[in-house]
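Sequences are here, hints too, so could you generate the full structure?
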Amino acid sequence: MTAVPISTLTFRTNALDSMEALQAAISNTQEQLSTGKAFQTAAGNPTGMAQVNQLDMELSASQQYVKNGNLASGNLNLENQALSDATNLLQSARDLALEGNNSSLNAVQRQDIATQLNQQLQQLVAIANRTDANGNYLFGGFASSTQPFVQNGNSVSYSGADQVSQVQISENQRISAGDTGSSVFMGLPTGNGTFTTAVGAANAGTASIGPGTVTDPATWTANTQADPGPYTITFTDPTDYTVADGSGAPVTSGTYDPTTGGTISFYGVQVTLNGNPASGDSFTIAPAGKTSAFATLSGLITTLSSTTLNSGQMATQIGQSIEQIDAALNNLGNVQASIGGRLNAVTTSQSTAQSRQTALQTSISSISETDYAKATTQLSSQEIALQAAEQSYASLAKLSLFNYVA
Amino acid sequence: MADLLSTSVSGLLAFQQALDVTSNNIANASTPGYSVETANLVEAPGQSTGIGFIGSGVDVQSITRTYNEFLAQQVRGSQASYSSSNTLATQAAQIDNMVSNPSSGLTVTLQSFANSLQAVASTPTSTAARQALLNQAQALAQQLTSYDSQISRYGSQLESQLSGDVAQVNTITASIASLNQQIATASSNGQTPNQLMDQRDKLVTQLSQYVSVQTTTESNGAMDVYVGTGQALVTGGTASKLTTVAGTYDPSQLNIAITGGGTTADITSEISGGELGGLLSARTQVLDPARNAIGQVSVAVATIVNQQQQSGMDLTGAQGQPMFSVGGVQVLADANNTGSASLSVTRGSLSALTTDDYKLQYAGSAWKLTDVTTGQAVPMTGSGTAASPFQAAGLSIVTSGSPASGDSLLIQPTAAAAAGFAVALTSPAQIAAASLVQGTAGAANKGGATARSATVTDPSTWNASSTGAPYTVAFTSATAYQITDRSGNPVTTGVYTSGSPITFNGAQLALTGSPAAGDTFTLGLNSAANTGDNSNILAMTDALSAAALNGNTASVASAANSLISRIGVVTQQAQNNATSQQTENQNATTALNNASGVNLDKEAATMLQFQQAYQAMAQVIQASNQMFTSLITAIHG
Numbered sequence: 001m002t003a004v005p006i007s008t009l010t011f012r013t014n015a016l017d018s019m020e021a022l023q024a025a026i027s028n029t030q031e032q033l034s035t036g037k038a039f040q041t042a043a044g045n046p047t048g049m050a051q052v053n054q055l056d057m058e059l060s061a062s063q064q065y066v067k068n069g070n071l072a073s074g075n076l077n078l079e080n081q082a083l084s085d086a087t088n089l090l091q092s093a094r095d096l097a098l099e100g101n102n103s104s105l106n107a108v109q110r111q112d113i114a115t116q117l118n119q120q121l122q123q124l125v126a127i128a129n130r131t132d133a134n135g136n137y138l139f140g141g142f143a144s145s146t147q148p149f150v151q152n153g154n155s156v157s158y159s160g161a162d163q164v165s166q167v168q169i170s171e172n173q174r175i176s177a178g179d180t181g182s183s184v185f186m187g188l189p190t191g192n193g194t195f196t197t198a199v200g201a202a203n204a205g206t207a208s209i210g211p212g213t214v215t216d217p218a219t220w221t222a223n224t225q226a227d228p229g230p231y232t233i234t235f236t237d238p239t240d241y242t243v244a245d246g247s248g249a250p251v252t253s254g255t256y257d258p259t260t261g262g263t264i265s266f267y268g269v270q271v272t273l274n275g276n277p278a279s280g281d282s283f284t285i286a287p288a289g290k291t292s293a294f295a296t297l298s299g300l301i302t303t304l305s306s307t308t309l310n311s312g313q314m315a316t317q318i319g320q321s322i323e324q325i326d327a328a329l330n331n332l333g334n335v336q337a338s339i340g341g342r343l344n345a346v347t348t349s350q351s352t353a354q355s356r357q358t359a360l361q362t363s364i365s366s367i368s369e370t371d372y373a374k375a376t377t378q379l380s381s382q383e384i385a386l387q388a389a390e391q392s393y394a395s396l397a398k399l400s401l402f403n404y405v406a
Numbered sequence: 001m002a003d004l005l006s007t008s009v010s011g012l013l014a015f016q017q018a019l020d021v022t023s024n025n026i027a028n029a030s031t032p033g034y035s036v037e038t039a040n041l042v043e044a045p046g047q048s049t050g051i052g053f054i055g056s057g058v059d060v061q062s063i064t065r066t067y068n069e070f071l072a073q074q075v076r077g078s079q080a081s082y083s084s085s086n087t088l089a090t091q092a093a094q095i096d097n098m099v100s101n102p103s104s105g106l107t108v109t110l111q112s113f114a115n116s117l118q119a120v121a122s123t124p125t126s127t128a129a130r131q132a133l134l135n136q137a138q139a140l141a142q143q144l145t146s147y148d149s150q151i152s153r154y155g156s157q158l159e160s161q162l163s164g165d166v167a168q169v170n171t172i173t174a175s176i177a178s179l180n181q182q183i184a185t186a187s188s189n190g191q192t193p194n195q196l197m198d199q200r201d202k203l204v205t206q207l208s209q210y211v212s213v214q215t216t217t218e219s220n221g222a223m224d225v226y227v228g229t230g231q232a233l234v235t236g237g238t239a240s241k242l243t244t245v246a247g248t249y250d251p252s253q254l255n256i257a258i259t260g261g262g263t264t265a266d267i268t269s270e271i272s273g274g275e276l277g278g279l280l281s282a283r284t285q286v287l288d289p290a291r292n293a294i295g296q297v298s299v300a301v302a303t304i305v306n307q308q309q310q311s312g313m314d315l316t317g318a319q320g321q322p323m324f325s326v327g328g329v330q331v332l333a334d335a336n337n338t339g340s341a342s343l344s345v346t347r348g349s350l351s352a353l354t355t356d357d358y359k360l361q362y363a364g365s366a367w368k369l370t371d372v373t374t375g376q377a378v379p380m381t382g383s384g385t386a387a388s389p390f391q392a393a394g395l396s397i398v399t400s401g402s403p404a405s406g407d408s409l410l411i412q413p414t415a416a417a418a419a420g421f422a423v424a425l426t427s428p429a430q431i432a433a434a435s436l437v438q439g440t441a442g443a444a445n446k447g448g449a450t451a452r453s454a455t456v457t458d459p460s461t462w463n464a465s466s467t468g469a470p471y472t473v474a475f476t477s478a479t480a481y482q483i484t485d486r487s488g489n490p491v492t493t494g495v496y497t498s499g500s501p502i503t504f505n506g507a508q509l510a511l512t513g514s515p516a517a518g519d520t521f522t523l524g525l526n527s528a529a530n531t532g533d534n535s536n537i538l539a540m541t542d543a544l545s546a547a548a549l550n551g552n553t554a555s556v557a558s559a560a561n562s563l564i565s566r567i568g569v570v571t572q573q574a575q576n577n578a579t580s581q582q583t584e585n586q587n588a589t590t591a592l593n594n595a596s597g598v599n600l601d602k603e604a605a606t607m608l609q610f611q612q613a614y615q616a617m618a619q620v621i622q623a624s625n626q627m628f629t630s631l632i633t634a635i636h637g
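Line by line, the protein sequences give chains A and B. Position 210, counted from 1, in the first sequence is what this note's numbering calls 210; the numbers after and before it change by one each time, with no gaps. Position 469, counted from 1, in the second sequence is what this note's numbering calls 469; the numbers after and before it change by one each time, with no gaps.
Treat the hints with care, as some may be off.
To be verified - From the structure, some residues in chain B lie toward chain A, with a derived Cβ separation under 8 Å:
| no. | residue |
| --- | --- |
| 1 | A114 |
| 2 | T125 |
| 3 | N530 |
| 4 | N561 |
| 5 | S565 |
| 6 | G568 |
| 7 | E584 |
| 8 | A588 |
| 9 | T590 |
| 10 | V598 |
| 11 | L600 |
| 12 | A605 |
| 13 | L608 |
| 14 | Q612 |
As the list claims (entries may be wrong) - No farther apart than 25 Å at their CA atoms in a straight line, the calculated lysine-lysine pairs in the BS3-like style are these:
| no. | chain 1 | residue 1 | chain 2 | residue 2 |
| --- | --- | --- | --- | --- |
| 15 | A | K290 | B | K446 |
| 16 | A | K37 | A | K374 |
| 17 | A | K398 | B | K602 |
To be clear, the hints were calculated from the coordinates, so they are not data collected in a lab. No experiment lies behind these values; they were computed from the predicted model shown. Ideal Cβ placement from N, Cα and C applies to all residues, glycine included.
Next comes the structure, spelled out in C-alpha cells:
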C-alpha cells in the first residue's frame, strides 16, 4: 500500500475536528455528572423519557390516592366515633325501656323515664347532625352542607340525600367516604322485622301480645302477598279466639288459657299472649313497615308518658320499642362493621401504594439517573483521549521539512 | 556556445517560475479551497544539426491545479446533506427542549390537573380544593398556549431564516455567474485561470451549505448549477433568482420560487438538502406536527372536561358550563381558487380526530378529501350540506358557495386549537362536581332496591328532553319498567337486568338491590342542597384517563407522552444523521484536500529540487563563461 500524501491543512483540521468531538463528548458526560440525569431531553432517550413520564404520572397519581385515603379514613373514623356514641346512647335507652316495662311503676315514675329518654333523643339527633372538621355533616350524604336531621317536637325528619360520595383510594378502588343518615338511623323495620303486633285500643282486658316470631317465612310471604292484612285476633270470650285476615275472612281459631298465657300460630308466624283478655278484645298483626331510631325513641316516650294505655297495651308497645331499638343497634353494628372494612381497605391500599411508590421511584432512577460509576469511568477515558490528541498534535505539528532546510 | 547560454537561461527562467508556483503553494498552505498548483515543465524544441537534434532547454508549458471534480462533488453532496440534517436537528432540538422539561412537562401538568380533580372529588364542598383545580386548569392552559406560541415563534424565525438563506443563495449564484464570465474570457487563450476556478469551486461548495445542487461544466470552462430536479440556478454568465412567495394556503408559510426568463415557478417541493431543505423539513416534520399534536391534546382535554361539566351541576345548583374554550378547526382556502367555495368545519368524534391536515378539492363534479400528511384519499360520507355534512376523520364539513374545478381548501383540524385554549370558568363554585340529576326511590317502595346513582351520559340529548324531568320509572314487575315524564306521558318501557343501569333520554339510573312490582324511582334534576355529591367529578377523572383518542387507543396523558417521545425520536434521528453526515463530509473534505491540498513537506522537497536545479543552471552559465574565457585566452594567448 502506498502512502497517500496528507495535505497540511487536512492534518490540522482533522486534528481539530477530533479534538472538538472529544470535547463535546466530555461536556456531555460532565453534564450527566453535574445534573445527575442520564439524558437531558427526550432526544437523549425517547423511549426512556416516555417511560419516565409514564412512571412519574403513576407515582403522582398514587400519592394523590394516598391523600384521598387519609381524608377518607379521617371521615370514617369520625363517623365510627359517632356510631359508637349512638350505640352507647341506644343501649342506655334500651335499659331505660326495660326499666319502664314494669307494671308496678306508676305514671309519675314512667314520666321520669320518659323525660330521660327525651334527653337521649335530643342527644341522638345531635350525634346524627355531627360535622367533620370542614363543617360538612357526616350523615347528610350528598347534601353535606344541609343539616340532615331536624327535630320538631318528638318527630325527627331526614332532609339529607340517599347517596354518599365515593373516594378513590387506589387506581381501581373507590369506597364510600361515609354513610347516609337514612341508611344509619332510618329505614329500620318496625316490630320484629317481619310484622308488628298491637293491642286493640278499646280492649277491656289486661292481656298483652309479644313481638312474635316467624316460623315459616315462605308461608307468611305467600299469604301476606295475597292479603297484606292486618290480621286480627279477636276473643269471643276470655278463652276463645278467632283469627281473621284483612278482609275479615277467618284464618284460624283456638282456645287460650289466661293463667299460662298462650301461643297463637297461623300462616307461618306465632305470637305469644300474656294476661287476661276480656271478651271482645282484639289484637292485630300487620306486616312490618319502616321506622327510624328517632321515631322508635319518640314512640317509646309517648308510650311511657301515656296515662290512658292499659297495662297490656303498655307492655306490648314497650316490647315493640325494645325490638326496634335492638334493630337500630343491629343496624349500627352492621354500618360499623362496614366502616371497619372500608378503613381496612384504605390501610391495605396505602401500604400497597407505599411499596408501589418505592418501586416506581427505583424504576425512574434506573432509567433517568446517571450511572455515576459508568459516567466517571467514561469521563476519565475521554480525558485521556483528549490529552493524547492534544499532546500528539502539539508535537506532530512541529514536524516540518522546513525545519531542516537551511 | 550561444545555445548553451540560451538553454541555461531557459532553465533559469523555468525554475524561477516553478519556484514561484511552489512559493505560491506554500503561501496558500492554509487557504481553504486552494488547489495545489504545479508548473508543468516541457523540453524546449530541438535544433536540427548534422548530428541530430539538440535540445534547447526547458519551458514551463502550463501551470495547472490539482483538482478532482468527483471528490469535490462528494464534498458538496455531503455538505448539503449534513447542513440539512443539522438545520433540522437544531430546529427539532428547540421543540425537544421545550417539551422535555422534567419538572413542568405536559404530562406532569396533566397529572397535576387530574390530581386536582381527585382533590375536589375528595372534598367537593371545599372552596380551596376547587380554587386549586381552577389554578391547575389555568396552568394547563398556560402551558398549552405557551407551547403553541413558542412553536409559532420558532415558525416565524424559520420563515425569516428561509428568506435570509434565499438571499445568500442569490448572492452566491450571482458571484458564480460573474466568475463563469471571467473564466470564459480568461480561458480563451488556452490557459486555465486556476485562481478563478478555485474561487468558483469554493462558492459552489458554499452554495451546497444552503441547498443541494448539481453542476455541469461547459466547454468554455463555465459551470452550470442546477437545483431541485434540474431547475437552472446558473447558466454560464446568467443567474436565476430564488424568491420567497407566500404559501397559497397559509400566507405566513413561505414557499420558494425560481425566477428566470420572465417566469416564476414554485419549486418548494423540489428543494432538498442544505439549510433550505432542512428548514422545509423542520416545518413539515417537526413544527407543524408538534403544533397539531399539542392541538389534539388541547381539543381532547376541552372536549372531555366540557362534556362532563355539562353532565354535572355546579355548587350554585346550575348545569355545569364548559371549563375550557378551545380554538376551532382552521380552514385555509387556496389563494389560486377561482370559485367562491367556503367551508364550515366542526369537530365530531374525538376518537376519530387525527393530528393530520386535510385537503378538500373540488374535482369538477365532486369534492375529494386527501390526508395531506399521508397523501392518502379519505372517504367521506354525507353530501356536504348543512342537513347532511361530509363526515370524515372526526370532522363534519359543510360546503357553501360555488367551487370551480380544481379549487381546494386546506383543513387543519387541530392546528389552531391550542392557541385558543383558555379557562372559561371564573368562579370555583362553577365546577360541576355533582351529577346534574338525582335518583330517588319512592317512599312506598316494597322492594329492596335503592337508587345508587343517576348520571347524564349525553348532555345534549338530556338538555333537549330535560323539560320532561322528573321522570318516573315504575316497575310493572320485578324485571320490567315503564318510564313516564312529569306529565305522565309514557317515554319508554324496558326490561330490568340487575346490575345494568336504566338508560333513557341521555341519562342513566343505576339501582342496587331488587325492585318489586309497583316500586317507583324518580330521576329528576339534582337538588342544589347536594353539595357533597362528587359523582360527576369522579366521572370526569374516569373520562380523562379513558382511552378516548386515536381510535380509542390513547388517553389524553398517553397522547401527550407519545407527542414528547415522538419529538424526541425525530430530534435524535436528525442529530444522529447530522453526526454521521458530518463525518461523511469531513471524510470527503479530507479526501479532496489530500488530493488537491498543499503538503508542506512535499513543497519543501520541491523547493529544494528547483532551488538545486536553478543553482546547477547557474553553474552551467558559469561553465559557459569559463569556456568562453578559455577560448578568448587561447586566441589572444
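Hints and how they fare:
Interface hint at A114 of chain B: satisfied, since its Cβ lies 7 Å from the closest Cβ of chain A, which is below the 8 Å cut-off. Annotation: interface hint on T125 of chain B holds; nearest CB of chain A at approximately 6 Å, less than 8 Å. Look at N530 of chain B: its Cβ gets to within about 4 Å of chain A, closer than 8 Å, so that hint holds up. With 8 Å as the threshold, the beta carbon of N561 of chain B comes within range of chain A, its nearest partner Cβ sitting at about 5 Å, so the hint holds.
Hint status for S565 of chain B relative to chain A: holds, with the closest Cβ pair at about 4 Å, below 8 Å. Against a cut-off of 8 Å between C-beta atoms, the interface hint on G568 of chain B holds, since the closest Cβ of chain A lies about 3 Å away. Annotation: E584 of chain B was flagged as interfacial toward chain A, and the flag is violated, the nearest CB pair being 13 Å apart, outside 8 Å. Look at A588 of chain B: its Cβ only gets to about 11 Å from chain A, farther than 8 Å, so that hint breaks.
Hint status for T590 of chain B: holds, given a least beta-carbon distance of 5 Å to chain A, under 8 Å. Proximity of V598 of chain B to chain A holds as hinted, the smallest CB-CB distance being about 6 Å (cut-off 8 Å). With a cut of 8 Å, the hint placing L600 of chain B at the interface with chain A holds, because the nearest CB-to-CB distance is about 5 Å. Restraint check, A605 of chain B versus chain A: the minimum CB separation of about 6 Å is within 8 Å; hint holds.
With 8 Å as the threshold, the beta carbon of L608 of chain B comes within range of chain A, its nearest partner Cβ sitting at about 6 Å, so the hint holds. With a least beta-carbon distance of about 11 Å to chain A, the hint placing Q612 of chain B at the interface is violated under the 8 Å criterion. Proximity of K290 of chain A to K446 of chain B is assessed by CA-CA distance (about 10 Å); at most 25 Å being required, the pair is judged to hold. Of the pairs offered as hints, the one joining K37 of chain A and K374 of chain A holds, with about 13 Å between alpha carbons and a cut-off of 25 Å not exceeded.
A distance of roughly 16 Å separates the Cα atoms of K398 of chain A and K602 of chain B; the hinted pair therefore holds under the 25 Å criterion.
Violated hints for the displayed structure, listed by number in ascending order: 7, 8, 14.
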